[in-house]
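Engineer: So the sequence lines, in the order shown, correspond to chains A and B.
In terms of numbering that gives the first Met the number 0, the first sequence opens at residue 0 and continues consecutively.
In terms of numbering that gives the first Met the number 0, the second sequence opens at residue 0 and continues consecutively.
To be clear, the hints were calculated from the coordinates, so they are not data collected in a lab.
Misleading hints may appear alongside valid ones.
Unchecked claim - Taking lysine-lysine and the DSS-like style, the derived pairs with C-alpha atoms no more than 25 angstroms apart in a straight line are:
{"no.": "1", "chain 1": "A", "residue 1": "K251", "chain 2": "A", "residue 2": "K315"}
{"no.": "2", "chain 1": "B", "residue 1": "K113", "chain 2": "A", "residue 2": "K251"}
{"no.": "3", "chain 1": "A", "residue 1": "K199", "chain 2": "A", "residue 2": "K315"}
{"no.": "4", "chain 1": "B", "residue 1": "K243", "chain 2": "B", "residue 2": "K306"}
{"no.": "5", "chain 1": "B", "residue 1": "K301", "chain 2": "B", "residue 2": "K408"}
{"no.": "6", "chain 1": "A", "residue 1": "K199", "chain 2": "A", "residue 2": "K222"}
{"no.": "7", "chain 1": "B", "residue 1": "K138", "chain 2": "A", "residue 2": "K222"}
{"no.": "8", "chain 1": "B", "residue 1": "K321", "chain 2": "B", "residue 2": "K237"}
{"no.": "9", "chain 1": "A", "residue 1": "K222", "chain 2": "B", "residue 2": "K145"}
{"no.": "10", "chain 1": "A", "residue 1": "K252", "chain 2": "B", "residue 2": "K113"}
{"no.": "11", "chain 1": "B", "residue 1": "K326", "chain 2": "B", "residue 2": "K32"}
{"no.": "12", "chain 1": "B", "residue 1": "K408", "chain 2": "B", "residue 2": "K281"}
{"no.": "13", "chain 1": "B", "residue 1": "K4", "chain 2": "B", "residue 2": "K55"}
{"no.": "14", "chain 1": "B", "residue 1": "K145", "chain 2": "A", "residue 2": "K199"}
{"no.": "15", "chain 1": "B", "residue 1": "K138", "chain 2": "A", "residue 2": "K252"}
{"no.": "16", "chain 1": "B", "residue 1": "K309", "chain 2": "B", "residue 2": "K408"}
{"no.": "17", "chain 1": "A", "residue 1": "K252", "chain 2": "B", "residue 2": "K121"}
{"no.": "18", "chain 1": "B", "residue 1": "K32", "chain 2": "B", "residue 2": "K4"}
{"no.": "19", "chain 1": "B", "residue 1": "K237", "chain 2": "B", "residue 2": "K306"}
{"no.": "20", "chain 1": "B", "residue 1": "K112", "chain 2": "B", "residue 2": "K145"}
{"no.": "21", "chain 1": "B", "residue 1": "K138", "chain 2": "B", "residue 2": "K121"}
{"no.": "22", "chain 1": "A", "residue 1": "K251", "chain 2": "B", "residue 2": "K138"}
{"no.": "23", "chain 1": "B", "residue 1": "K263", "chain 2": "B", "residue 2": "K281"}
{"no.": "24", "chain 1": "B", "residue 1": "K237", "chain 2": "B", "residue 2": "K369"}
{"no.": "25", "chain 1": "B", "residue 1": "K145", "chain 2": "A", "residue 2": "K251"}
{"no.": "26", "chain 1": "B", "residue 1": "K145", "chain 2": "A", "residue 2": "K252"}
{"no.": "27", "chain 1": "B", "residue 1": "K313", "chain 2": "B", "residue 2": "K243"}
{"no.": "28", "chain 1": "B", "residue 1": "K237", "chain 2": "B", "residue 2": "K313"}
{"no.": "29", "chain 1": "A", "residue 1": "K194", "chain 2": "A", "residue 2": "K252"}
{"no.": "30", "chain 1": "A", "residue 1": "K33", "chain 2": "A", "residue 2": "K14"}
{"no.": "31", "chain 1": "B", "residue 1": "K138", "chain 2": "A", "residue 2": "K315"}
{"no.": "32", "chain 1": "B", "residue 1": "K263", "chain 2": "B", "residue 2": "K276"}
{"no.": "33", "chain 1": "B", "residue 1": "K309", "chain 2": "B", "residue 2": "K321"}
{"no.": "34", "chain 1": "A", "residue 1": "K158", "chain 2": "A", "residue 2": "K252"}
{"no.": "35", "chain 1": "B", "residue 1": "K313", "chain 2": "B", "residue 2": "K281"}
{"no.": "36", "chain 1": "A", "residue 1": "K251", "chain 2": "B", "residue 2": "K121"}
{"no.": "37", "chain 1": "B", "residue 1": "K112", "chain 2": "A", "residue 2": "K251"}
{"no.": "38", "chain 1": "B", "residue 1": "K112", "chain 2": "A", "residue 2": "K252"}
{"no.": "39", "chain 1": "B", "residue 1": "K202", "chain 2": "B", "residue 2": "K321"}
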Amino acid sequence: MAVMSYIQAVTSALKDEMERDDSVFVLGEDVGKKGGVFKATEGLYDQFGESRVMDTPLTESAIAGVGIGAAMYGKRPVAEMQFADFIMPAVNQIISEASRIRYRSNNDWSCPMVIRAPYGGGVHGALYHSQSVEAVFANQPGLKIVMPSTPHDVKGLLKAAIRDDDPVLFFEHKRAYRLIKGEVPEEDYELPIGKADVKKQGDDITVITYGLGVHFALEAAEKLEEEGISSHILDLRTVYPIDQEAVIEAAKKTGKVLLVTEDNKEGSIMSEVSAIISENCLFDLDSPVQRLAGPDVPSMPYAPTMEKYFMINPDKLENAMRELAEF
Amino acid sequence: MSVEKVEMPQLGESVTEGTISSWLVSAGDQVNKYDPIAEVMTDKVNAEVPSSFSGKITELVASEGDTIEVGGLIAYIEVEGGASEASSGSGDETSSEQGEQPAETSQTDQSMKKRYSPAVLKMAQEHDIDLNQVTGSGKGGRITRKDIEAIVESGEVPQASQEPAQTTSTTEKSTSQATKPSQAPAPSAQTGDVEVPVSGVRKAIAQNMVKSTTEIPHAWMMVEVDVTNLVQLREQKKTEFKQKEGYSLTYFAFFVKAVAQALKEFPELNSMWADDKIIQKKDINLSIAVASDNQLFVPVIKNADDKSVKGIAKDIVELAAKARDGKLTNEDMSGGTFTVNNTGSFGSVQSMGVINHPQAAILQVESIVKRPVYMDGMFGARDMVNLCLSLDHRVLDGLICGQFLQRVKEILENMTEDNTSIY
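Please put together the full structure from these sequences, using the hints given.
Structural biologist: This is the structure we're talking about:
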């Protein structure tokens, strides 16, 4: 087992898959010679050449569109959006074309494409470099949205996404890139898309979250453990479609559920998780389902104080978790 | 100087709480270590609480009549020679601790006590848990799912009584309700009336009587017994007995002996109601009622069927002495299977006893009176006594009780010098 950073796990998965399968190629802004603005594709251009690591113009709709066309022709493109915030020009391609093609063609055509994009706040990135955009895509059947929290999950899930025969949005938390390190197996492995993962067992309260929220929850849980509060933490990993079985099981385990996302609260992934719980777990609930999320304001502010107000952090989780435990 | 806490002592192995029946000291009093500071009652036993420290009582935290858990705070004592913190801030310290302590016992916010989550309601129904009897650990006293899970795991499920109307009188916690089964408001005292606070043994008696009369369907029977022979027997023996043993040979000892003997033949009366079954007790342990001042105790003569008249007389004398001195222990009071009550000692000739829960019957031995009785074709002056039996009609019926009383009567009427040994 090697210890890797979150972003090294991304690079390592891309490299492995490109070595394994010639149809895998990478395209995006500055992914080639520069190796990506976050260095996620570093070294790939030198190893695989410009025909498999393609620098594109600043047109996200074209990055997606080219990828979709190549995928329908049997390639396995991995497109990078430099920031998730910039995915908006490509939404028509992704939703209207990529997600629909198998259904529209009655299974004649498919679109085995991955679109990677760094998302998330807490990096002083302000409006265009901090957003969480998953909710925009989270009611489009035909799409899958993967948002891993650890290097181990990143590598296993990115490989699974590339090998998947349908389009997958792969959102990587940019603050986690160099903050989160962890052990990653040497050998080839794949993690199932659509399966959540219990990151910590506990029996007082349940926290369901994903991405960086998982690490905040684990940190808060460790502090609360000293007070005798035991937290059960479920990492969704795939936010669309949601692993309903795991959500129901985790909610029933303690009957006190806190849902955490750094996205704006209303209409977030957690709104759906909450609905799943209320549909299935009423007679196991011991408290109202709670959500901790960003406020319903347009985007992450730049001023550090305001960014702190907007963004979730371990202290906010700790307070919310304690309050729930005491209820 | 430092301020020390005085806590409710452990007064017996299974004792979890005690009621302060009276304080023997007041705030400001100087006490020595081991001096009695309070009288505490558990079940129906009174005990004195010795002071754990020498010093000055600064504060009586518990009031008379309060029931405090073992280890719970009852008073503060200012002890000489401690750290100097008390002299500078004793006032603050005691007042802040006073603020905390009651809050932990009963004054806490209970606003959420009756707000049940779906999980709690479901589990309570599945396991037939009476939520009124559950203490919640959540915010505002809310009962949490974990509280219920803990109860289910422990197996000690507080169940609702079969008759919901009586649940209040069966729960020990709602003591104030237990003594007032009807919804009518308590009468208020007028000018000149004396108000006697209900506490200590009086309160325990009240609760037990309400429990007995609300739970047990009572029925009554009475037989008349000619004890002329017994009176003669006792007259012959009593002086010699007193000289030899140092205590009196009472009639009551003979009655207890006769009852023990009859119970051996009628174990149905030596039993108790246990909801879905009736338990017939093997041992014959006879509770006897002993009154002293305003208190009533029911100590037990263990294995009365094994004992001679003398042995029973001795037990009665010892238990009565203990009761008068307030020295009865829990052990002395527990395990009774049937009660014999010497109402005759008050001059009563007829009474309807209240059954001592959970026993199935109580026998009242009334006054022995000389009356003209028609027998063998003529009137004669005979010593007559009424025996009054109250029975739990769930357990017993008239037939078996009638047979039992006839047997007691037979034994008593045949107690003569020839066939009755005192030793």
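Engineer: With the threshold set at 25 angstroms, check whether the alpha-carbon distance from K138 of chain B to K222 of chain A stays at or below it.
Structural biologist: 21 angstroms, holds
Engineer: Measure nothing beyond the straight line between the CA atoms of K309 of chain B and K321 of chain B; if it is 25 angstroms or shorter, mark the hint as holding.
Structural biologist: Since the Cα atoms of K309 of chain B and K321 of chain B sit roughly 18 angstroms apart, the hinted pair holds (cutoff 25 angstroms).
Engineer: Can you confirm whether the C-alpha distance between K251 of chain A and K315 of chain A stays at or below 25 angstroms?
Structural biologist: 24 angstroms, holds
Engineer: Do the alpha carbons of K32 of chain B and K4 of chain B lie within 25 angstroms of each other, as the hint requires?
Structural biologist: 13 angstroms, holds
Engineer: Holds or violated: K112 of chain B and K251 of chain A, Cα atoms, limit 25 angstroms.
Structural biologist: Holds, at roughly 23 angstroms.
Engineer: With a cut-off of 25 angstroms on the C-alpha distance, tell me whether K158 of chain A and K252 of chain A pass.
Structural biologist: Violated: K158 of chain A and K252 of chain A sit about 31 angstroms apart, past 25 angstroms.
Engineer: Assess, step by step, whether the Cα of K33 of chain A is no farther than 25 angstroms from the Cα of K14 of chain A, and give holds or violated.
Structural biologist: 16 angstroms, holds
Engineer: Are K313 of chain B and K243 of chain B close enough, with their CA atoms no more than 25 angstroms apart?
Structural biologist: 13 angstroms, holds
Engineer: Within 25 angstroms, alpha carbon to alpha carbon, are K138 of chain B and K121 of chain B?
Structural biologist: 20 angstroms, holds
Engineer: Straight-line Cα separation of K252 of chain A and K113 of chain B no greater than 25 angstroms?
Structural biologist: 23 angstroms, holds
Engineer: For the pair supplied as a hint, K145 of chain B and K252 of chain A, confirm whether the alpha-carbon distance does not exceed 25 angstroms.
Structural biologist: Between K145 of chain B and K252 of chain A the Cα gap is close to 11 angstroms, so the pair holds against 25 angstroms.
Engineer: Holds or violated: are the alpha carbons of K194 of chain A and K252 of chain A at most 25 angstroms from each other?
Structural biologist: 18 angstroms, holds
Of the hints listed earlier, the one the structure fails to meet is number 34.
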